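Protein chains in written order, with my numbering: chain A, 1 to 80; chain B, 10001 to 11059.
The set of hints was computed from the structure by calculation and includes no laboratory data. Fair warning: there could be bad hints in the mix.
[Unchecked claim] Covered stretches of chain B (chain A as the covering partner; in silico rule of three or more C-beta atoms under 8 Å from a C-beta of chain A):
(1) 10081-10090
(2) 10324-10335
(3) 10684-10691
In this text the structure is predicted, and so the values were computed from the model without any measurement. Beta carbons are placed, not taken as given, at the ideal position from N, Cα and C, and that holds for glycine.
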Amino acid sequence: MIGRLLKLLNERETHIFLFVLGCILANWPFLQIFLGKELFKGLMSVFVLWIILVFVLFSMSRGCGATPHADNEQKQKERS
Amino acid sequence: MIDPRLVLLAFFVYMGFLFLIALWVEKKAEEGRSPSRYPMFYTLSLAVYATAWTYYGQVGIAATSGLLFLAVYLGPTVGIFLWWTVLRKLIRLKNKHRVTSIADFISVRYNKSQSIAVIVTLMALFGTMPYIALQLKAITSTFSLISTAVPLDPAGESFVTSMIREHVGPIVTFLMITFTIILGVRRLDPTERHEGMVAALVVECTVKLLAFLAAGVFVTYFLFSGFGDIAQKIMESPHGSIYQDGSLGLERTPYLTWGTHFILSMAAILFLPRQFHVAVVENSNENHIKTAMWALPLYLLLITIFVIPIAFGGLLKGLPVSEADTFVLMLPLMEGKAWLSLMVFIGGVSAAAGMVMIASVTMATMMTNHVFLPLVGRVPQLEFLKRHLLRCRWVAVAIVIGTGYWFMIAIGESYMLVNIGLKAFAMALQFAPPIIGGLFWRRGNKMGATWGLIAGFIMWFYTLLLPSFVKSGWMSPSFLLDGPWGIALLKPEAFLGLSLEDPLSHTVFWSLLLNISFYVLGSLLWTRSREEESLAQEFVDVLQVSAPVSRTQDRQARIELAEKSEDLERVLLQYFHPRDARAIITKCIEKTGLEGRETVSMAELLELQSEVEKSLAGSIGAASAYKAMSDGITLSPQESRELSEVYAETLKGLRITPGELKERVDYYQERETLLLQQAGELKEKVDALEREIAERQKVQKALQESESRYRSLVETMNEGLVIEDKTGKITYINNRVSEMWEWSPGEIIGRTLSDFLEDGQRELVEEKLGRRLFGEVVTCEVTWAGREGSKISTFVSAVPYLSVEGEYEGCFSVITDITPLKALEREKANIISMFAHDMRSSLVGIHGLGLRLLNKFSSMDDEKRNEYLQIINREASKLESLVDDFLEFSRLETGRLKLNFSPTSIEKELQELQEAYCEKTAQANVRMDLVIEEALPVIHADGNRLRRVFTNLLDNAIKFSRPNTTITIEAREVENGIEIKVRDQGVGIHPHEQPFIFDLFHRGKGDDKKDGYGIGLATVKAIVEGHGGKVHVTSQLNQGSEFTIFLPKVARGKDSCPL
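Produce the complete structure using the sequences and hints provided.
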């Protein structure tokens, strides 16, 4: 299950979907849901959204496979 | 207030510390252990995004426009979702083309166009200058603030203090130039990576975060009582009016503005020249992106978490809204927290200095590579300057920072900090179309990019910068109000009649619209050169793994390598010291594998030239390097002919035309892409299989361990286990079965249970066990025949196991050996029979004599009558004794023998016993000695029961003593109790019997067995242990036995003694 989720998070289409979703959630009209509340509740809602985004990004970063290109480059540098 | 000298000293110490860090990191990098290999190093360097504008300015926005500031940090967080594709592409292309800046990158994509590089550089310069001005303003204004919060008496000030206070701007500018040159432009680096400077940046980013958090904690938890307290107070204050009705100040920050800031910041975090530099040029490993993807948004979240409390805290403390930008510093100053203020100031310096350093180095590189060098190339008199590239960079740094300072003096005062920052963001947004288009759209070309950039820049300048000039008083206000020449449609803030409430959104709309439109139109209308086409292909497909290109068959190596090396060296000498130029050539020759060669082929020469061009591009940019190589390297007619021949031969070998070659290349590239895709899918499947195998191995191991545990349990358990298959054959037995049946496993396995049944009950048992074949659980007693003809009584529980379809598959039989229980039952039956027999004998005697007395009482003489009565009395006594034994047997059977403790004199009990046994010992012709050397203490015990103990022991002693022997009773006080020994000189007890003589119903196997019931000694043990004492026996055959009893002074037993 986790493997499938990580694989999904490695897909470019998923990145684009999350980007679009993030844009929608962090702008009008959804933003009104967060900010149209009492002062600190609104602020907390935005921060909770932010933390969720960070968590999704963290999961996504786990899913992004190590690229042999970068590894080889690093090894070459270490050798030199 | 803090003494200006102390503030300046702190500034110096901090910058000196950064310099040492930079030196240390550079040294480590030379040793190959650079901290830049850690992903967090890269992530923190990206946090240069949070400049003084973040540090001070966001509090100002929060105080005036509510939560609008959050858009600037949420935008990048959302934009980062695309980094794994976009940023990775940028980094790969940077590595491939040795890109040195954002201008270099765009120019490389669009045919290494110098004109595009110049345009981008000039645009970046326009966008960066105000931003640098903003940072310098932050440093100078906070410097003044921290050192003049409470003005000193002018008369009391020293000359130095006064001078520092008056010339803080030039001093800071001079120091910034000096430190930037020392940290960032100390030498020319062919890769344009500055690990020392980035290390300083990392420290600065850490310090500014810590300082801001410290200020936030101070305001939130020391000045107020937490977030809730501040929220409540601000809502009750006059400032709270804009946050009531759930509006959160949104009427002052409409969603259009929010959206504009969101888009601008999303682009700025990657396309601001300094951000591009740290994110792309300074990247050492593209995998570092993965950490930056989540850690950078987390950093941004942390640095904004206390913005609202600080903003509201300042308002509640009565500070003016117009000075909200400085609340973060003012609040600790107001409260007299000098060290915290100094820390906050250093944090601000970090935020500003980091940006100034990296931005000025980036701009200096772009200016020298893309403006200065092409210019010098056109003016022969200035050719010599190419050799002084490093010094030129120093001058460029000074110009950039100096101009920034001038900008601050000239127009900075009329702006709030935020305005300058957003103008730079809007400029950076203009780079997005050519970069994103260049990465994903093959048809995007040089002409489109050029026109798009120019259009975007013009709109940015016209709609955003010119109004700033007007607002600064440099131009007539009618320019804004009526438009140029009174044409309303050309009004900068209402272009073509479109008037948006927010001027920034207006600029973003028009500049982006024109930029994209011209880019697309230009690209569609103009065709690309073949080289540009190839570059476009390379940029778009850079993430696809390409198969290694096999070398074409080399032609004869006829070109003199030394001669060509000289040509290449001559090109390099225009920019480098001869020593460095030679070193670069040598390195390139080594890299292409041509060392030691005198002549090379055309293909090898081209490879060498490409390598040198890349090295040169690292210092002067790809476009300039390409131009320099094109101008500096010429091929002789023969070499040109050979190059043509190489190409023609390639086509001839393939027997195709150039057009066909292109089609085939496209076909193979497509095929290769498909193959790579399939390989990727296969790899994923293999990975999944490997994971599954690993999982199965794990399960198998767990099963093996479990099986091992159960096997061990089955092998060692006291019950026998037999497993049969569905034909009734035994397939498995444990050790206990083998022991029980006295057959080896080899003799049992393969046979059936019936083969081992005892003949007498075979039919009955087979009938009972047969029910298991119908899936019924069977429990019954079974007697087996042992190897030697013995009978083994067992209790069998047979549990059949069935298939999924419910068919009988076999059976597990658990066999419990009940032979000892059976023996015990038989023993009990014998004892009861003996009881009955003995009682009947006595009763028959009493009955007979009683009848005779009844019938012949009168005719019987006295002597006879007495004799009969004595016999009756003796038999009655015997009967009473039998009944007592029977009762005792009954108590022992139920397991409870009641004890009544009271002070008891053992000495007295033994003496009375001796007297009572005088007659009995005399009859048995044995002597009884009682030995008590010292007076015994009175103990807590049940005297009646103890008498029973001694009686049983003495009866046994008398019974097994030979005539004319002595029975000795010894009693003495020992530690915590009394020890009593009863010793006889009788037949003794066989060693095999000794461990069992205290067991209930155990009777010796000697001739005297018939005289006892196996209760006496069991009673002794039970009573003694009921007192908390112990009893044991030592004996030798034909020599006698000695029973030793220990009784504690205070009985530890209970009022009953379980058996």
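Cross-check of the supplied hints:
no., hint, verdict
1, 10081-10090, "holds (count 5)"
2, 10324-10335, "violated (count 0)"
3, 10684-10691, "holds (count 3)"
In this structure, only the earlier hint numbered 2 is contradicted, and the remaining ones agree with it.
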